[in-house]
Amino acid sequence: MYDVIVIGGGVIGGAVMRELTKYRLRVCLVEKEDDVAMGASKANSGIVHAGFDAPEGTNKAKFNVLGNRMMEGYAAELGVKFARIGSLVLAFSEEDMRLLSVLEARGVRNGVEGLSVIGQAELRAMEPNVSRNAVGALYAPTGGIVCPYELTIAAIGNAMDNGADLYTGFEAASITKANGVFTVKAASGKEVQGKLIINCAGLGAGHVAALAGDDGIKIGARIGEYILLDRESGGFVRHTLFTTPTKKGKGILVSPTVDGNILLGPTAEEAEEGNTDTTAAGMAAVTASAARMCENVPLFNTITSFAGVRAYSHDRHDFIIEESAAVEGLIHIAGIESPGLTSAPAIAKFAVEELVSKHLPLRKNENFSGRRAPDAFFKQLSAEEKNELIARDPAYGRIVCRCEQITEGEIVRAVHENPPACNIDAVKRRTRAGMGRCQGGFCQPSVAEIIARETGIPLEQVTKSGKASRLLMGRSK
Amino acid sequence: MMKTEYDIIIIGGGPAGLAAAVAAYDGGARDIVILEREARTGGILNQCIHNGFGLTRFKESLSGPEYAARFEAEVQKRGIETLLETTVLSLTAEKKVTAISPTHGVFVLQAKAVVLAMGCRERSRGALNIAGSRPAGIYSAGTAQKYVNIKGYLPGKEVVILGSGDIGLIMARRMTLEGAKVHAVCEIMPYSSGLRRNIVQCLDDFGIPLYLNHTITKIEGKDRVTGVVVSRVDENKRPIPGTEIHFDCDTVLFSVGLIPENELTKAAGIALSGGTRGAVVYQNRETEAEGIFACGNVLQVHDLVDFVSEEAEIAGRAAAQYIARGPHQRDTVEVTNGQNVSYVLPQKLDKNIAGDVKLFFRVRQTMRDCTITVSCGETVLVSRKKRVVTPGEMETVLLSQEKISSGNGQITVTVKENG
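Chains as they are written, first to last, in this note's numbering: chain A, 1 to 477; chain B, 1 to 419.
Please keep in mind that the hints were generated in silico from the structure rather than gathered at the bench.
It cannot be assumed that every hint is accurate.
[To be verified] No farther apart than 30 Å at their CA atoms in a straight line, the calculated lysine-lysine pairs in the DSSO-like style are these:
(1) A:477 / B:181
(2) A:190 / A:467
(3) A:379 / B:3
(4) A:467 / B:151
(5) A:218 / B:222
(6) A:358 / A:185
(7) B:151 / A:477
(8) A:81 / B:266
(9) A:386 / B:3
(10) B:95 / A:386
(11) A:379 / B:112
(12) B:222 / A:185
(13) B:218 / A:467
(14) B:157 / A:477
(15) B:3 / B:266
(16) A:190 / B:222
(17) A:386 / B:266
(18) A:364 / A:22
(19) B:222 / A:467
(20) A:386 / B:96
(21) B:181 / A:467
(22) A:386 / B:112
This is chain A alone, in the form it adopts within the complex (with noise of 0.2 Å):
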């Protein structure tokens, strides 16, 4: 029997689940995938914006600039890289001109710090390779980047590491409520019990809130396409350049990620749920948008393309973040959109001090260690430490992956940790093994072997990504 149930493994279910383990809880989450951070948490922009593009009142323009506040001491914590870089949206007519006012009007009076429109020359100067049609760009010092997938996986595994419960391949069938307790139950037949749900389920947040009983959740799917290019092109941008906001969105950016690399993207387009093919329309679309912001876009240097799901609130546009009025104790974390990523820490900081505690009382955990090693720990050691580490455990001095130069302990290590990686992707989020310039071509069979090995399966029973995605097909004649 659980204090409170999460249901949805993503950034904010993460978020939350941690921030339930601060406090005398017995906290469980379940997720439908095989790992954590398989939704919109798993391929989004990975952006933490200053805050100035919701309309004041908002909760999403409360929670963003609350959340880059906050982001900085929640990464570190975690492990994560995180870097305040700083954004720029670009302006390429008068008309733009006119608009980055709005927007620095409305940032303002969200409470972003130190925004400021700047000239062409200013433009040029902090961005060599920026589009020669840019005349000036709304400069926000508080931008930053960070990696959506990385921050989920170490937010869920400090909050294990603090007690809590994860249950992945359990995707909620039903869930009733007797005298109080709810019951979650699987499509598997497992099942759990507890006094709160939250409901963090992203995509699938209208459909259990409807599993609940509660109807009044509408969430739509919009898919965005993203191109990634090699580290080797590090440095062709410095800040996150954005074009001017439409209605669907902040549009395409051209951004560095924080390892590195420089992400171009996403598209954004009405989609099926699960949905996350790339289309040549949506990559063309990517790469024309990129080529009007920066002069000689290097998409020689792709390394892969990708889409990623994101939901929205159908009706009412913004974060809901409430107490369901249909069922008692049961809370929705629904229509994360952009800046969700950004808003995550603020988020479960309100949810749970001030919906979660109607229900339970929040005694302090005194034994909660926000602290988490960062699972790509072993670079950041020192050439005695790293020496220190292999002498101790041999594998640390096997490289695997040869593109990231990932060692097989940092692999074993990800295997065994909280949350465990138990298929290919997986290892691959935690570890960077098989994400650089060849892909996985080297490294992959290597990986595969150790999972197999760790979590004693035979070969042709590990995943790709889970479920039915086996690499392998029997055995060679």
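Let chain A serve as the given structure and place chain B on it in line with the hints.
Frame of chain A; chain B shown alone:
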């Protein structure tokens, strides 16, 4: 205490590194070490269990491991030191090599000369921006080859292959022999980049269709590949709407080009050539960083391992000579690619290095009844007729020492069709 200084450090124990080590030894060097990242030497040859290796060099058809074994035996005979499971993390122009291994941890070696022999990697699906999903069942041909030949597993049963590079062709046959059905090999170009003999022996003999001017335009499947859409392309390599063919399959193999692995080279500040994506070198395979040599597929992607060995021997001998005599004064002539030629190697000739020089080059398109011309300004140094040239097969032309010293100024290689 570990030995930390060597005359020659060879980075990579594949065919290039092994041959370079032997040649360096035979050229008089003794203080040599090979750094190999895998648990055994031989490199990619270890997973190439098909035969056809060594036809040029040994006049017999060997398997990959057999070919490697010949060089491994020579290395052993000479007592050349090899550090296994040793990955080089960084290299400087001052020839400081930082490496890591399970037995030695992170360590730094200082060399007087370095031979780069890191080989190449396969271009991945990601680099092509092919639309669709990203399920399991998508492999580069070399990864599939490793699963089948080294690990003993079959990556899939219903296969479509994109790209007709040699590894793709070899894997079409391999997968067929393993009981898989290869539905198609698609090639976006109007010609295959693979060797003619591989097209005959790996596709034609098994009735596997080769679709020239075709590419995969969509990959389908959520967890595992369920199918692909293949389209014909126009002369600008753009898919033509209405030409789509659908294949049900569970596996897609990519054989879409090899890229020299020059991350260490770049980090050391050594100039690369846009044509080869390998270092710019003189005829002795010395890069612009004095005492650092490069050979094999890290320098230019070769068609045959026999040529890799030949090139590695040039680099190995030159490294030994550098150790014996130290640097020398250069008298440099630039070599450039002219009409219809995508690159020429070496990119620089040093008139102070004795001997004839074999120029390696590739043409941009298939041409019949043509003439290869090496010229210096208006002067034709060498002119040779050729019945057919294709981008898939490397061409060579020999330039005598006499011709090299006669020329004054840039040397250009061109290929033109006659008539």
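The hints, checked one at a time:
no., hint, in the structure
1, A:477 / B:181, "holds (14 Å)"
2, A:190 / A:467, "holds (17 Å)"
3, A:379 / B:3, "holds (25 Å)"
4, A:467 / B:151, "holds (23 Å)"
5, A:218 / B:222, "holds (25 Å)"
6, A:358 / A:185, "holds (25 Å)"
7, B:151 / A:477, "holds (11 Å)"
8, A:81 / B:266, "holds (26 Å)"
9, A:386 / B:3, "holds (20 Å)"
10, B:95 / A:386, "holds (23 Å)"
11, A:379 / B:112, "holds (28 Å)"
12, B:222 / A:185, "holds (25 Å)"
13, B:218 / A:467, "holds (22 Å)"
14, B:157 / A:477, "holds (13 Å)"
15, B:3 / B:266, "holds (27 Å)"
16, A:190 / B:222, "holds (25 Å)"
17, A:386 / B:266, "holds (25 Å)"
18, A:364 / A:22, "holds (6 Å)"
19, B:222 / A:467, "holds (10 Å)"
20, A:386 / B:96, "holds (19 Å)"
21, B:181 / A:467, "holds (25 Å)"
22, A:386 / B:112, "holds (27 Å)"
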